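Q: Kindly produce the complete structure, drawing on both the sequences and the hints.
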Amino acid sequence: MKRFHLMPFAIPKGVYYKLTIQAGDKPKYKPMAQVWNQMIRFMKRRWYERMPFLVQEPWVAWEVHGHAGNTQYGCWASNRVYGERMVDSLQSAYPDIQVNPAEKPPAIDYTRPHSGTRLLLQYDYALPLNVAYPDDLETHANLLELISQLREDQSVICQFLIRPMYDHQVDGAFSRAIRDIKRDKRAPSGENQLYLQALQAKKNRMKAEVVIRILAFDRTREDADQLADQCSKAFSWMEHSHFNRFQIREWWQTIKPLYRFEFSNRIFPFRLKKNMVILGDQELAGLARVPAMPRTAFIHHQNMQLPLAPKEVQKGAKKPDTVFLGVNARGPIENKIHLPIDHLAENMVIFGRDGMGKTTFLLHWLLDFLEQRTDENRYGCTVLDMDGSLSDRLLTKLPEKLHPYVTTARFRDWKFPFNPFDIDFPQAEYGFVGEILRRLDAEFWGPQVPDGFMMTATALDLLDKGSYWNMQRVFEDPDYAKAIYDGVPEDSDRNRSLREQLRKYIHPETGVVNWPKELVRSPSLTRLRLWNSGPMGHILNQRTDGFRWLKAINEGHIQILDLAGLTYDQKKLIAAKVFMIFEIFSYPREMKRMQGQLLPLHPIILDEGSYYIQDIMPNMYGFLKDFTNNRTPLILSASAVKDYVSPQVLDSLFRQAGNIISFQVSPTDAQVIARGMKDRAGQVTAKDYEWILPHHSYMKLVPKKDAIFVNKTPELKIVPDEKKIQHLLDQSYEKAMEYELERRANKPRKHTPIV
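When the count follows my numbering, it moves up by one through the sequence shown with no breaks and lands on 755 for the last residue.
Incorrect hints may have been included.
Taking lysine-lysine and the DSSO-like style, the derived pairs with C-alpha atoms no more than 30 Å apart in a straight line are [to be verified]:
hint	residue 1	residue 2
1	705	315
2	256	13
3	182	203
4	551	592
5	687	704
6	401	551
Here are the in silico distance ranges between beta carbons for each label pair [claimed, not checked]:
hint	residue 1	residue 2	range
7	565	678	38 to 44 Å
8	555	535	29 to 35 Å
9	469	425	20 to 26 Å
10	113	678	50 to 56 Å
11	403	100	38 to 44 Å
12	312	10	46 to 52 Å
13	731	564	15 to 21 Å
14	715	667	23 to 29 Å
Since the hints were made in silico from the structure, they are not lab data. Every value quoted in this text rests on a predicted model; they were computed, and no experiment measured them. Don't be surprised by glycine CBs; every beta carbon is placed ideally from N, CA and C.
A: As C-alpha cells, then:
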C-alpha cells in the first residue's frame with residue numbers, strides 16, 4: 001500500500017455505495033460477522049497473485065458520516081468486483097437493507113476547522129477486544145447518540161479500512177502470545193485459561209488489518225479536538241475489561257497533510273508492525289456494522305420492508321391503456337408500476353396519515369386516467385374533496401381540452417344550486433330524499449319517523465315542489481300539509497296508496513294535522529330547520545341541482561365538489577346525497593350491462609372519507625359490489641380507521657376493494673391494516689405500515705391480489721392557479737344557472753319513474 005504514497009496516480013477511484021438501513025429491534029452480530037468472513041475470504045489471493053510488484057490490492061472501507069444529527073452509512077471498494085460482492089453479502093445477511101450506488105463519495109471540506117485521530121490497540125493484536133457481543137448491546141450506541149446531538153456546524157466521519165491478513169503473517173504473533181501465557185505461572189490458572197481460549201478463538205477466525213480513522217469538524221480547532229476525542233471514546237463499548245482495548249493517537253501526534261491525503265484517498269498509512277490493528281471477523285462485526293438504533297440517531301433508514309412487485313403487476317408496464325402509479329425499487333432493481341384502466345373498475349382504498357402522499361398518489365393516476373379520455377372512451381369521475389387540496393390541484397393541472405367537461409363548485413360560496421330533489425334521470429319513487437336524511441340520523445329514527453319523511457318527500461317530488469324548505473313547511477304548517485295532500489292525484493294505485501298513508505297524519509275533513517311526536521322531536525327535523533335558516537338553505541332550496549348526474553356519467557364529465565369550509569354535518573349531507581344518486585343509478589346501469597352495452601368508466605373519489613363512509617353507505621358490502629359491476633368504483637382515501645370505522649365495514653372494504661394501498665399510518669391503524677392486507681408471504685408487518693417513509697406505500701393490486709409490494713410515488717409539485725380555478729368555477733356556475741332560470745320560468749321537471 002505504501003506504493004500509493006509514491007504513485008498517487010495509481011490510487012483506484014473505487015466504487016461507493018450508500019446504505020439505507022431497516023430499523024431493527026436488536027443488534028444482529030452473527031450476520032455481520034458472516035459478511036466480513038465472506039469478504040475476507042473473497043479478497044484473499046493465492047501466493048502467485050501476491051507478488052511484490054503487484055500494484056492493485058483488494059481492500060474495502062466502511063464509513064459513517066454524521067452531520068448535525070443526520071447519519072449516513074456507506075461502504076467503498078477498490079473496484080466494482082469487490083463492491084458488488086460486498087453488496088451481495090450485505091443483502092444476503094440483511095434482506096431488508098437497500099444499497100444504492102453513488103457517483104462519488106461525499107466530499108470533505110478541509111478548509112473548515114477540523115481534527116483527526118486514529119485508534120490503535122493498547123496490547124498485542126493477538127489479544128482480542130472481545131470474544132462475542134450480546135444481542136442486547138449495540139456497540140454503535142454511543143456513536144449514534146453523539147451524532148444525534150451534533151449542532152449545525154459540527155460533523156463527524158468515521159472511516160474503517162479493511163484488507164485481508166494471511167495466516168503466515170500473523171501465526172508468529174499468536175504463537176508467541178499463547179506461549180507467554182502458558183509460561184506465566186504468577187497468574188491464576190482460571191485467568192490464564194480465559195486468555196488462552198480468547199487467543200485460540202481469534203486465531204481460528206478470519207482476520208483482517210483495520211485502520212480506524214475519525215475526522216471531526218467544528219467551529220474552532222480546539223472544539224474539533226474535543227469532538228474527535230469524544231467520538232474516539234464512543235467505541236469503548238467494544239472493549240472487554242479483561243482483554244484488549246483501544247488507545248487514541250491524537251491530532252498533534254500525526255503528520256496532518258499525510259493524514260488528510262490518506263483519509264481522502266482511503267489508503268493504508270505508513271505504520272510499524274507493532275501498531276498494526278488486526279481484528280477477527282467477530283470483532284469487525286462490532287466495529288463496522290449495520291446498526292440497530294437508527295431512530296435515535298436520525299440515520300438514513302428505510303424503516304420498512306421492500307418487497308418487489310410480482311411479475312403479474314410488472315407486465316402492466318407493457319400494456320396499452322394503463323395509468324402510472326409509481327416506481328417499485330429495491331437496490332439496483334427498479335420497475336415502473338402501471339395499472340390497466342380496466343382494473344380501475346375495481347374499488348380502491350387508500351390508507352395513510354395526513355401529509356404521507358395520498359393526495360399526490362390520487363392526482364398522479366387521476367390526471368393520467370383523464371388524459372386518455374376520448375369520444376370513444378368517455379372517461380369521467382366525481383370527486384368529493386373534504387379539505388380542498390385535491391380539487392384545487394386537480395383543477396390547476398387539468399389540460400385545457402378537458403375544460404368543457406368540467407363541472408365544479410365551492411360549496412362554501414353558498415351559491416351553486418344543489419336541490420336534492422332534482423335529478424336528471426328517471427328514479428325510483430320511494431322518497432330517496434327521506435332516505436338521505438335517515439342516513440344522517442339513523443340511530444335516532446323510531447319506526448314512524450322514516451314513514452313520515454319518506455311519504456312527505458315522495459309527495460313533494462310527485463308535485464314538483466321538492467325542496468327542504470317545503471319539507472319543513474309540511475311538518476310545521478297544517479294548511480300547507482293539507483294542500484300537499486289535496487294535490488296528490490288519485491290517478492293510479494300508487495298515488496291512491498300514498499294518499500291513504502298520508503291520511504294517517506293529515507285529516508282533510510277536520511283540517512287537523514297530527515304528526516307523531518318522535519318525528520316532530522327528531523334530530524332530522526331540527527337539522528332541517530338549521531339548514532333552511534342558514535346559508536346551506538340557499539343552495540338546497542334552489543329549483544335545480546347544478547350537477548347533471550346522468551349526463552356526467554354517460555358522457556364522461558368531470559364533477560368536482562369542493563367541501564372545504566363546511567361543517568361535519570354539511571359535508572355528510574352532500575356526500576350522502578351523491579352516494580344516494582349513484583345507488584339509484586346502479587339499476588339502469590345494471591340493465592345496460594346485462595344487455596351488453598358499453599358502460600363508461602366513472603370512478604367516485606371520496607377523499608378523507610373514513611369519517612363519513614359508515615353512515616352514507618349502510619349496506620357497504622352490497623353497494624361496493626354494485627359499484628364494481630356497474631363501473632362506478634369507489635376510490636376512498638382514509639387517514640383514520642381504528643375507532644372511526646366498524647369492523648364490519650372494514651371487512652367489507654378489504655373484501656370488495658380490488659386495489660388496496662397503504663401509506664404510513666398510526667400504530668393503532670397499522671395493526672388493523674396489517675391484518676386486512678396480509679399477503680401470502682407474510683413478510684410485511686404492522687411496524688412496516690407504521691414506519692414506511694413518506695410517499696412510499698404498500699400495494700395489493702387486481703393482477704395479483706395475494707402479493708404486497710412497495711411503491712414510491714414521484715413528487716408532483718402543483719401550485720394552485722387561482723385564476724384558472726376561478727374560471728372553471730364561473731363556467732360551471734353559469735351553466736348551472738341557465739338550467740335554474742329555465743326551470744324557474746315555467747318548465748316543470750319531466751318525471752318518468754322506473755317500473
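Q: Of the hints stated earlier, which fail here?
A: none
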